[in-house]
Each structure stands twice: as C-alpha cells, then as structure tokens.
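There are 2 protein chains.
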Amino acid sequence: MLEPLLYPKTVAVIGASRTPGKVGHDILANLIDCGFKGQIVPVNPNADCILGLPCCAELRNHKGGVDLSVISVPVPMVRAAVESSIYAGAKAIAIITAGFREVTPEGAELEREIARLCAARKVRLLGPNCAGLINTHHLMNASIIPNLPPAGGISVISQSGAVCTAIMDWAARRHLGLAKVVGIGNKADLTEIDFLEAFAADEQTKVILGYLESISSGDEFVKVAETVTSAKPVVILKAGTTQAGMRASASHTGSVAGSEVAYGAAFKRSGVIRADNFEKLLDAATALATQPLPKGDRVAIISNAFGPGIMAADAVEQSGMQLAALAQGGSTALRGKIPVLERAGTPINVLGDADLELYGAAIEAAQEDDSVDAVIVILTPQVMTQPAETARTIAHSIRGNKPVLAAFIGGEEIMPSLDEMLDRNLPDFPSPERAVTALRALCEYAAWRRRPPRVVTRFPVHRRRVERIIARHLRTGRIYIGDVKAKEILHAYGFTVPEGHMALTADEAVEVANRIGYPVAMKIVSPNIIHKSDAGGLKLRLSNPEDVRDACDLMLLRIRQRMPEAQVEGVYVERMCSPGREVIIGMNRDPQFGPMLMFGLGGIFVEVMKDVSFHLAPIAAEEAMQMLSETRSYALLTGTRGRTGVDLSAIANSLQRISQLVTDFSQIAELDISPLIVREVGTEPVVADARIILSGVGLNHE
Amino acid sequence: MLEPLLYPKTVAVIGASRTPGKVGHDILANLIDCGFKGQIVPVNPNADCILGLPCCAELRNHKGGVDLSVISVPVPMVRAAVESSIYAGAKAIAIITAGFREVTPEGAELEREIARLCAARKVRLLGPNCAGLINTHHLMNASIIPNLPPAGGISVISQSGAVCTAIMDWAARRHLGLAKVVGIGNKADLTEIDFLEAFAADEQTKVILGYLESISSGDEFVKVAETVTSAKPVVILKAGTTQAGMRASASHTGSVAGSEVAYGAAFKRSGVIRADNFEKLLDAATALATQPLPKGDRVAIISNAFGPGIMAADAVEQSGMQLAALAQGGSTALRGKIPVLERAGTPINVLGDADLELYGAAIEAAQEDDSVDAVIVILTPQVMTQPAETARTIAHSIRGNKPVLAAFIGGEEIMPSLDEMLDRNLPDFPSPERAVTALRALCEYAAWRRRPPRVVTRFPVHRRRVERIIARHLRTGRIYIGDVKAKEILHAYGFTVPEGHMALTADEAVEVANRIGYPVAMKIVSPNIIHKSDAGGLKLRLSNPEDVRDACDLMLLRIRQRMPEAQVEGVYVERMCSPGREVIIGMNRDPQFGPMLMFGLGGIFVEVMKDVSFHLAPIAAEEAMQMLSETRSYALLTGTRGRTGVDLSAIANSLQRISQLVTDFSQIAELDISPLIVREVGTEPVVADARIILSGVGLNHE
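From first to last, the protein sequence lines are chains L and H. Under my numbering, think of the first position of the first sequence as 1, with each following residue one higher. Under my numbering, think of the first position of the second sequence as 1, with each following residue one higher.
Rather than coming from a laboratory, the hints here were simulated on the basis of the structure. One thing to keep in mind: the hints can contain errors.
Any copy will do: because identical chains look the same in the list, a pair fits if it lies in one copy or spans two.
Stated by the list, open to error - Straight-line distance between alpha carbons at most 20 Å, and here's what the computed EDC-like set of lysine to aspartate or glutamate pairs gives:
{"#": "1", "residue 1": "610", "residue 2": "670"}
{"#": "2", "residue 1": "122", "residue 2": "368"}
{"#": "3", "residue 1": "22", "residue 2": "355"}
{"#": "4", "residue 1": "37", "residue 2": "3"}
{"#": "5", "residue 1": "22", "residue 2": "357"}
Using the sequences and the hints, build the whole thing.
Next up, the structure:
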C-alpha cells in the first residue's frame with residue numbers, strides 16, 4: 001500500500017549537500033552507508049557529484065523515474081521541490097525540512113497547499129518536519145538518523161525524531177532488531193493510522209511501537225487500531241498528557257492534544273497497550289517482541305535470593321497477576337534438588353549457592369507445569385554465582401512455550417551475562433518490578449486477544465421522531481433542548497419518563513395534576529431559561545390542587561420579575577418519580593474520538609468524589625456493565641448496608657440506548673440525564689431530568 | 001557506639017576454611033583481599049595456616065584479645081563459638097550461619113539463647129543468618145560479599161544479603177561510593193534502629209539506604225528515624241507489602257510484617273523516603289548522594305529534542321512539581337543563542353544540532369536563575385550530537401548550588417558519555433521520567449528538612465477519671481466499654497456529649513426524658529450486648545413521654561426474649577443531638593507502630609468508598625488538619641453545593657484529644673466515635689455514639 005515509500009527502487013535526495021553536518025548530506029550518506037540496493041539520485045544544481053554519486057541539477061529533468069523523493073531544502077524552496085518531484089514521477093515524498101505548521105500560520109498554509117498538491121496527484125506525503133524513514137529489510141535508511149539497525153520485528157511510528165533515535169540506540173543495546181522506523185512529523189498527509197495499517201500488513205513487523213503527541217482522526221484511529229491489535233500488539237506512549245506537557249507539545253509538531261480521559265478510553269477500546277513512560281514503552285516492546293503470549297496470569301518466580309523474590313512477589317500481586325505454585329508434579333521433580341521447599345504461592349528459591357543445574361531444573365519444571373503461565377527468573381550476583389554461565393544455562397532451558405523474563409540485578413558483575421541472554425531471546429530487566437511490569441503488558445495483550453466478539457445491540461427505536469425534534473430546534477436556531485423535549489427524545493429511544501403535560505394557566509396546571517395524580521413537579525418551559533431552579537422555575541413534590549395553583553401563579557410571577565425578556569411557553573406539570581437510587585448518565589463529544597459516555601452515582605459522587613467512568617460509544621453490553629463496576633461506589637448499586645441493590649442490567653441497558661442515540665445523531669453534542677432514578681431488579685429506570693445540547697452544525701439528511 | 005563492630009582492630013573468623021566456595025573461606029579471603037589493616041585471626045582446629053595466616057585452634061586460647069568475631073560454623077556449633085568469642089573478649093559477634101528462627105521453633109529458641117548470652121556480657125550481636133558487614137573507610141570486608149567497594153557516602157542496612165550485593169554491584173556501575181554495608185539478617189540483637197543511630201553519628205555516611213522486610217520496634221523506629229532524617233536522608237524499600245510478598249517474606253528472616261497502612265503512616269511521620277520499588281530506591285539514593293537539596297520545586301528542563309522534553313514535562317506535573325520558566329534575565333542571556341525561544345513554562349529546547357556551548361549556556365543560565373530550583377538536562381543521540389563531549393561540557397557547567405540531574409536517552413551511543421558525568425557527580429538516568437522521580441525524592445526530603453517544628457498540644461483533661469473507669473472495667477474482666485462509659489471517658493478529655501442518665505424502669509426513663517428535654521434516644525446498657533440495635537436495644541427520636549414509656553417497656557421485653565442471659569444494668573436516656581455532618585474518628589493500636597488514628601466521613605464514605613486517612617498518634621495540629629484534607633470527600637467538610645462548611649478546626653481538635661487519650665492510656669486497644677456530629681464554625685462537635693475496647697493487659701499504675 002505504501003510500497004513506493006517503504007520499498008522504493010529509486011530514491012531522490014533534493015538538497016543533497018557536500019557539507020557533512022548538513023541534513024542534505026547526512027541523509028545521502030545514510031542512504032549510501034546502509035547498503036541500499038536501489039538507485040540513489042542526489043539533487044543539487046551546484047554540484048556534479050556528491051559522495052561519489054553523480055548529481056542531478058533539477059529532479060524534473062531526471063530520466064528513468066523516481067519512487068521516493070526526500071526533500072531537505074529550506075522552507076521557501078520546498079514547494080518547488082515537491083512540484084519537481086511530482087513532475088519526475090515520484091509516488092511518495094518525505095519532507096524533512098522544518099518550519100511549517102509548528103511555527104507560523106503562513107507555514108501552516110504552505111503545508112496545506114503542499115499536501116493538496118500531492119493529494120491531487122495521489123502522491124503520499126511524509127512530514128514535513130520529520131526524521132524520515134528506515135526499512136531494515138530493504139536496506140534503506142532515508143532518514144537523518146545515522147546507522148541502519150539490525151533487522152527484526154519491531155516497527156516504530158514516532159512524532160519525534162529524537163525518540164526514533166533513542167529507540168534505535170536502545171534496541172541496539174538490547175540486541176533487538178527493528179523492521180521499519182518512521183518519523184511522521186507534522187502529519188500533513190500520512191498519519192499514525194496509515195502506518196498502523198501498513199505495518200499490520202507488513203510481514204516483517206511483529207510489534208508496533210508508537211510515540212504520539214496527538215492523534216489525527218480519533219474515531220478512525222480506534223477503528224483501525226482495533227483491527228490491527230487483533231493481529232499484532234501495538235504499544236503507544238502518548239506524551240503531552242498534562243498541562244505542562246501539552247504546552248510543550250504545542251510548540252513541537254503544532255498538534256492539538258485531545259482530552260486525557262478520551263485517550264484512555266480510546267486505547268482501552270482498541271486494545272492498544274498504553275505506556276505511561278518511556279521505559280514502559282521499551283520494556284513492553286521487549287517482552288512482546290521476544291516472548292510467546294501467556295495463556296493466563298499465573299507467574300512462577302525463580303530466584304537465587306529471598307529479597308528480590310519478595311520484591312517480585314509484591315509486584316506480581318500489585319499488578320493484579322497471581323503468584324503460581326508449582327503443581328505436585330513439578331514440585332516432586334524439584335524436591336530433591338531445591339534446598340528449601342517452596343510453599344504454595346511463594347517464589348521458588350534456588351538459594352544463594354544455586355548451581356547452574358538447579359536453575360535449569362527449576363526453569364524446566366516451571367515451563368512444564370500446567371499451573372504456571374509465565375516465568376520470571378531472578379539472579380543477584382553472590383559469592384558462588386557465575387552470572388555468565390547461569391545466563392547460558394537459563395537461555396538453554398528456554399522452551400519457547402511460555403514467556404520467560406529475566407531480572408539480573410546489579411551492575412558491573414552481571415553486565416557480561418546479558419549479551420548471551422539477549423541473543424537467545426531472553427530479555428533482561430534491571431529490577432524485579434520492571435520484569436513484572438513487562439510481563440503484565442504481555443498478559444494484558446493476551447487477554448485482549450482472547451476477548452469475546454463485541455456485539456453492539458441495536459434497540460428498536462422511533463428514530464424519525466427524534467429527527468423531527470432536532471430538526472425543529474436547529475431550524476429555529478436553538479441548540480439547547482430542555483427537559484421536556486429531551487424526555488420526548490429519550491422516550492423515543494425506549495426510556496421511561498414520568499407522565500406530564502404542558503399547561504398555560506394555573507387552572508390548566510391543576511387540571512393536568514388532577515389527571516396524572518399527585519405528587520407532581522412543575523417546571524417552567526422557556527427556550528431562554530436553562531437553569532430553571534435559579535430562576536424560580538422549578539417546584540417539586542406538590543401534593544394537592546391548592547399547592548399546584550399557588551406554585552404556578554408564583555412561578556409565572558417570579559419569571560416575569562426576574563427574567564422579563566424570557567419567552568415562556570408554559571409550565572410543565574409532571575408526575576413525581578418514586579424515590580430510588582439516583583445515577584447520572586452523560587455524554588459529550590470528544591473532538592478527537594467522538595461520543596464519550598459517562599456514568600456515575602448522582603449528587604456528591606459525581607460532583608465531589610469525581611467517581612465516574614468513561615467509555616467511547618458505541619458500547620456493547622459487557623462494556624456498559626464494566627462502566628458500572630469501574631466506579632468506586634459500585635457497591636452501593638449492588639446493595640450494601642442492608643439496602644437491596646438496584647437493577648444493574650437496566651442501567652447498562654440505558655447506557656446502551658444512549659450510546660445508540662448519540663451514534664445515530666451526530667448533532668447531539670452533549671447529553672445529561674441527571675438523575676436517572678433506578679430501583680430494585682425488575683423495575684424500569686425513570687428519567688427525572690434531562691437536557692441535550694446540539695452542535696448546531698445542521699441536520700444530516702440521511 | 002558500635003565501634004568494636006564497625007571499627008574492630010582484631011577480627012576473628014570462626015570456621016575459617018581452606019576450601020574456596022565455603023563461607024568460612026570466602027569471609028577470610030574477603031578480609032584479607034580488602035587490605036584490612038588490623039589483625040585477622042582464622043579459627044580452625046584442623047589447620048595450621050589458611051591463606052597465609054596462622055590459625056588458632058580455639059579462639060578462647062587466643063592471646064591478645066579480639067574485637068569482632070565472625071562465625072560461620074554449622075548451627076550445632078554456633079553456641080560454643082559464641083561462648084568462645086565472649087571468653088576471648090570479643091565486644092561484637094556476627095553470625096553468618098543460617099538455620100535459626102527462620103527455619104524451626106528450636107532454631108528460634110537457640111537464637112534467643114545466644115542473644116541472651118551476648119546481652120549478659122554486653123556483647124553486640126549481628127545476625128544470625130546475615131551477610132556480615134563492610135566498612136570501606138576501615139578497609140574492612142567482614143562479609144560473604146566479594147570485593148571492597150570504593151569509599152563514599154552511602155551506607156546500606158539490609159535484611160537481605162543478596163540486596164546488599166546487588167546494591168554494591170549497582171553502585172560500582174554508577175561510580176557511587178559506599179560507607180558501610182550491613183546485612184542484619186534475623187536481627188536477634190542489632191536491628192535497623194541501631195544502625196540508623198550508628199550511621200547518623202557516622203561522619204562518613206551522607207545517605208542511608210534500607211531494605212527491610214519487617215521493622216522490629218515500630219514506635220522506637222519512628223522516634224529514632226525522625227531524629228536521623230532531620231540530619232541525613234533515609235530511603236527505605238519495605239518489601240513484603242502484599243499478601244504474596246508477605247508469604248514469601250515469612251519464609252525468609254522469620255519476620256512478621258506489620259500493617260501496610262501503618263508502614264505508610266510511620267514513614268510519613270518520620271520523614272523516611274519510601275521507595276516503592278528497587279529502582280526508585282537506587283535512583284533516590286543516587287540523587288541524594290550526589291546533589292544539593294533544592295530550595296523549592298520549580299524544575300527547568302533542558303533538552304536537545306522536543307519528544308523527551310515533553311515526557312519530562314508530563315512527569316514533572318504528574319509528580320506535583322512545577323515546570324520553571326527562566327526569568328527575564330536568564331532568557332535574555334540565552335535569547336541570542338537558543339534558536340526557538342522557550343515560552344513560559346515549557347522545556348528549554350537547545351534543538352537537535354545543539355552544540356556544546358549552547359548546552360553549557362543553558363545550564364549556566366538555569367543555575368543562575370532565581371526562578372529555577374533544580375535542573376534536568378536531557379540528551380538524545382542525534383546526527384550532530386557528541387555525547388561524550390556534551391557530557392563533559394555539562395559536567396563542567398555544574399555549579400553545585402542546585403541539583404542537576406541528567407537523562408541521556410538511548411543505549412550504545414550514549415554509553416561512553418556516562419562515565420565522565422558520573423565521575424563529576426552528575427547522575428544519569430535512563431529516561432526522563434526516572435530523572436524526575438529521583439528529583440522528586442530530593443524535593444520531598446528538602447521539604448521535610450524545612451518543616452516547622454512539631455508541637456503536640458497537651459489539653460487540660462481529667463485523667464484520673466479515665467483511669468478509674470478503665471481500672472474498674474479491667475478489675476471485673478471487662479474489656480468492652482460501651483457507649484455510656486465511653487462517653488464519660490471522652491467527656492473527661494474535653495468532648496461534648498449529649499446529656500443523659502440511666503434509668504431502671506419506664507417511670508424513671510420518662511422522668512429523665514422530661515428533665516433533659518425531647519427528643520431523646522434510649523439505649524440498653526449491658527456488658528453482654530455489643531450490637532445494641534441488633535438486639536432491639538436502641539431507639540432514636542422519641543419525642544414525648546408516651547413514646548419513651550412504650551420504648552422502654554418494649555426494649556426490656558425484647559432483651560429478655562432475645563438475650564435472656566444478658567445482664568441488664570438499665571436503659572440510658574439521652575438527649576438527641578441536633579443533626580449535622582457525621583464524621584468518624586477511630587483508633588486502633590498497630591502491633592508495630594502503636595496507636596493509629598483514622599478519620600473519615602460517616603456512612604458510605606468509610607464503609608463503601610473506603611475514603612479514610614491515617615496518622616500515627618500523637619499528632620500535632622497541622623497533622624490533624626492534614627488528615628481531614630487527605631480524604632477525597634474533604635470538599636463536603638469545607639462546604640459545597642450550597643451547603644456551608646463545618647468547623648474543621650473543631651474536628652482537628654477532636655483528633656488531637658483522641659491522640660492524647662490513646663497516648664495516655666496504652667490499655668485502650670481500639671476506639672470508635674461513630675459518628676461525631678459536626679456543624680458550622682463556632683459549634684462544638686457532639687459524640688453521638690462511641691465505644692472503646694481495652695487490651696486487657698492490666699492497668700499501668702503510673
């Protein structure tokens with residue numbers, strides 16, 4: 001798909017230079033040094049020959065075509081270089097030059113213009129303001145980063161060239177091979193999504209690593225990532241997650257960072273392994289690139305010392321995995337050999353004077369044992385320890401059927417042993433906790449791969465009815481939909497709402513109240529009044545005709561006094577809901593990822609305790625249930641302190657209906673049901689109060 | 001104080017062996033190899049000479065005395081070796097041999113016996129089951145760990161020999177010097193507390209590092225640690241914090257781990273820097289050993305690339321520190337040199353082609369700038385980067401007035417540059433986030449050193465009254481103090497309790513109610529009834545004489561029916577408290593650390609949301625206020641959603657009074673005020689219900 005970019009036969013370097021240290025020189029040098037088998041065309045009007053290659057003065061005059069054109073000329077000359085490349089037949093262009101969107105509005109405009117130019121000719125554009133790209137399996141380094149790394153299974157997508165370099169340098173240290181490394185820079189055309197797709201299809205890529213400061217098209221990202229992660233693991237470090245980080249990021253690739261919560265929800269939803277920091281990114285990648293996926297989360301710890309074994313045990317439990325006990329068989333095989341018998345659920349201690357055989361025997365037993373899913377092997381240098389020999393023995397004991405991760409702990413003493421392990425795909429981590437965290441990423445990804453298919457229920461609803469209400473609001477320029485009409489919309493999507501009717505006078509209000517039964521609530525209806533209770537436009541628990549009459553007269557009087565300009569349509573008289581547990585369902589549309597559902601218990605739980613959970617719509621039934629159980633106050637829903645629980649699946653159902661509603665109507669920008677009143681199992685939740693805000697971008701006529 | 005142990009002139013090795021690999025051989029070899037200047041006495045009845053030193057057959061026959069005796073003979077011979085050492089005049093004994101308390105009850109008994117033997121002669125005992133000790137400034141390695149590390153300022157106290165070894169090996173890699181390294185093993189006599197004191201007094205020690213699985217005497221630890229940390233930083237990794245870790249730990253040094261919450265409270269209280277994992281332990285030690293303390297938490301980030309700069313900015317904000325903006329002066333000095341001007345509160349970017357001067361200028365500007373407290377300098381290897389030269393330039397720019405931490409990120413490329421930095425006390429961390437975490441430890445410790453003096457208020461109370469109530473309970477074998485007597489105790493310590501009196505009959509109850517005024521509560525009083533409401537022994541909000549009479553008759557009837565054996569002393573008629581916000585104050589006595597206070601809001605906040613805070617008693621006023629603000633529901637106390645706040649200092653006051661009560665009376669094992677009713681500022685909190693449980697160990701007659 002990105003063949004001309006990733007596997008070009010001819011690469012032109014526009015801005016090739018004779019001066020070492022200049023970008024145009026270094027790219028050319030990198031291309032030559034890596035042993036590229038295709039044709040390299042340096043373009044420079046003032047040179048005949050650079051680094052032994054004949055120069056072309058103007059690419060448009062070059063005969064024989066070109067697949068990829070790498071541009072490093074100064075900003076004012078980039079546009080001409082792009083045109084020249086297109087004219088010469090380039091199918092892909094990489095612009096290394098910086099100084100576009102990230103600097104000035106004019107730079108942004110120029111960037112858009114160039115992108116349009118390329119798009120018109122179906123030429124794919126990488127950058128600008130990027131590090132270029134490397135494809136080890138094509139012996140191609142068309143980047144500013146020196147050296148071609150050893151070939152392997154890790155592909156890198158990075159918004160920062162420096163991070164590409166750091167990852168390459170780190171991979172060399174860990175003896176890990178790389179497949180493709182791409183600096184995506186300002187993403188004027190090609191984005192992380194294009195490369196996720198390309199690397200998913202790429203046979204050489206086993207693991208995809210990403211460093212991102214922004215995501216270009218959130219909902220597409222989620223869709224693509226979900227497909228990609230079903231085949232290959234994707235680990236992403238999303239930087240710029242704090243206010244400070246965002247300020248720093250805004251001056252970099254000119255990107256606008258999305259809401260933090262939304263990124264969390266998007267990664268969870270699409271099976272992307274999220275790295276909180278740089279080490280976790282690399283550690284997870286190491287484990288994923290070298291180890292098979294575990295069948296479960298029971299971890300055997302083998303250690304030649306108690307202390308680090310205890311640290312590992314702590315880390316295993318803290319990360320939500322389980323410490324494995326070797327089953328009877330495994331234990332028996334080892335019983336004669338291991339001095340201190342391990343007790344159920346404790347690390348296997350091969351003691352300080354562990355000889356090579358003992359380590360080997362313990363690792364083999366753990367790999368054979370059906371009650372072990374993964375192994376962590378720890379070594380500290382002790383008097384009798386032979387780190388290098390032990391490393392060799394351990395490496396030779398690896399079967400490859402279960403993940404085995406090592407933590408050789410120390411410094412100088414253990415350095416010589418690492419190479420041997422790394423060469424045999426046995427990754428080493430410098431502390432027990434780091435090994436556990438890396439294993440955790442493996443386990444999480446394995447669980448994602450085992451997930452049941454996601455089925456989003458489509459409920460039968462009255463969609464036309466909602467369309468009409470929304471259209472009517474937008475036609476009259478109203479984006480706020482108050483309680484009464486919001487309930488009509490929710491009712492059309494299967495929600496139970498209290499019976500109620502409009503009244504224009506106190507007499508009518510009493511008549512309505514008599515008809516629907518007491519107690520009633522009374523609410524002013526006006527497009528100008530959003531905060532009803534502040535304006536005196538809300539009365540609850542009116543229990544007889546006199547109270548209704550008084551409330552209605554008083555309400556109309558107050559509104560005339562306080563908000564004389566408000567256009568009053570009447571008062572809404574509504575049967576009071578019977579009391580129950582109050583929950584809140586909300587939605588707002590994240591600019592990157594689209595509709596984000598929110599759930600929490602009413603009142604202080606949302607407002608003071610911030611005890612809420614989020615999920616991207618559309619959601620499946622299990623995800624809706626998960627939203628409930630993710631709140632800290634969940635126990636109040638399931639029942640506690642002698643109170644019976646509420647109908648959980650009825651709430652989950654409500655969340656799914658909201659999910660369907662906001663997916664059906666992209667005009668809905670925000671929605672709040674606050675509260676939804678829920679009661680014991682078998683009862684219908686009732687919408688006590690609701691409001692909807694439209695985005696005002698006009699109705700989609702589908 | 002531990003002079004004979006840490007600075008012995010003569011060291012005997014009982015169990016010295018000719019066979020390499022045997023512990024008795026290795027210890028002797030280590031002592032000889034490290035260049036020990038004192039006398040070494042190998043003890044072995046079957047050898048004349050080992051490793052060139054003449055042997056002594058029996059230490060008791062050795063002429064000329066001995067300061068330290070190191071014992072590595074098998075368990076059955078240890079007792080005799082100890083006696084022999086004492087006879088020969090040893091002032092300190094280190095038992096390396098394992099197989100005592102950690103293995104069998106007999107081992108535990110033998111260990112106690114040996115400890116008694118030593119104590120009787122005022123001989124200090126290290127171990128058993130320990131790695132021995134190292135004192136680099138005395139050129140002494142009396143341990144099983146090979147090599148004498150370079151001398152420096154870090155001293156290590158560890159319950160695991162393997163952890164000692166790992167730390168030594170790691171320190172060598174980081175070019176950090178060590179002062180003392182002690183494996184404390186089973187702690188039969190000398191514990192972490194002794195070594196905290198010794199290292200606090202030790203001129204060579206600048207930083208104390210601890211690996212602990214248990215703490216021997218919690219309250220003494222807190223007292224000693226608070227003094228030590230006021231002079232030198234103490235960083236401790238407490239392992240065995242999870243169920244899994246505790247199981248693993250129990251089989252190690254035979255220690256019983258204390259409550260997790262208590263450790264957290266104890267470390268907070270005593271200024272100990274707590275490391276969650278092994279890397280944090282080492283990273284914090286590195287920063288503390290090499291850097292000056294910062295005056296505040298404003299961090300300047302200098303980076304040659306945006307990506308890692310953003311990661312660092314994220315980490316700074318997440319850890320609660322602030323990103324510094326260079327003040328006008330600093331910026332001007334740099335303005336001509338730095339290509340992209342930094343904006344306020346963003347990392348200072350010296351760009352990918354940063355030359356050495358630019359790095360140097362940026363670091364100097366940051367060190368001069370009054371709005372910067374600490375500097376993090378980041379380098380990623382890029383085309384033009386010269387890591388080694390940059391390292392040198394940076395190292396030369398260090399003034400030593402503010403902490404400067406480096407994060408050179410990558411692998412192979414940056415390896416050569418590290419040594420130069422390390423040698424100049426510029427610590428390097430492998431990721432931006434690790435550098436930030438290490439800096440955070442520095443900042444925290446600096447804040448601890450700046451803390452105001454802790455003043456624990458002593459309130460005037462009626463202590464004798466409480467003594468009498470407790471004595472009376474214990475005399476009659478009752479450890480449960482119910483609501484009525486608990487309120488008497490609390491009243492004696494200055495709490496407001498509702499007016500109330502005992503009644504024996506319904507007539508009396510009505511009489512009491514009429515006197516104190518309605519509404520009243522009525523509570524059964526019986527030493528046998530703990531859960532009053534379950535037994536039908538609690539009635540609330542009785543508002544007239546008839547209700548009181550009915551309730552009393554019914555209560556006495558119910559109790560006779562449900563608990564015929566209960567000894568009923570009467571009913572307690574009490575004025576109902578006016579409603580307010582309900583909070584809970586609790587105390588239980590941690591086996592390690594003593595009285596632990598708990599605070600939380602009543603009802604679901606404690607029971608469902610587990611929203612509680614803890615602090616060790618006694619507490620000062622600020623600590624009490626901190627207990628309030630540490631709860632997530634704090635906003636409900638300060639006022640929110642249109643409700644006015646409650647009297648915070650009145651609650652803090654109550655916490656301090658409870659602190660005084662439970663410190664005065666060690667017989668109080670548990671105490672609960674549930675709830676304490678608090679209202680607006682200026683009102684007294686009222687104890688609505690309380691109970692106290694005594695430990696039953698008898699009254700201290702002071």
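Cross-check of the supplied hints:
For a Cα distance limit of 20 Å, the shortest separation of residue 610 from residue 670 inside one copy, 19 Å, qualifies, whereas the shortest one across copies, 32 Å, does not. Taking the closest pair of Cα atoms, residue 122 and residue 368 never come within 20 Å of each other, the shortest separation being 55 Å inside a single copy and 54 Å across copies. In this assembly of identical chains, the alpha carbons of residue 22 and residue 355 lie at most 20 Å apart only when taken from different copies (14 Å versus 55 Å within one copy). For the homomeric pair residue 37 and residue 3, the shortest alpha-carbon distance inside one copy (16 Å) is at most 20 Å, but the shortest distance between copies (72 Å) is not.
For the identical chains of this complex, residue 22 and residue 357 are inter-copy neighbours only, at 19 Å across copies versus 56 Å inside a copy, given an alpha-carbon limit of 20 Å.
Against the hints set out earlier in the document, a violation occurs for number 2 only.
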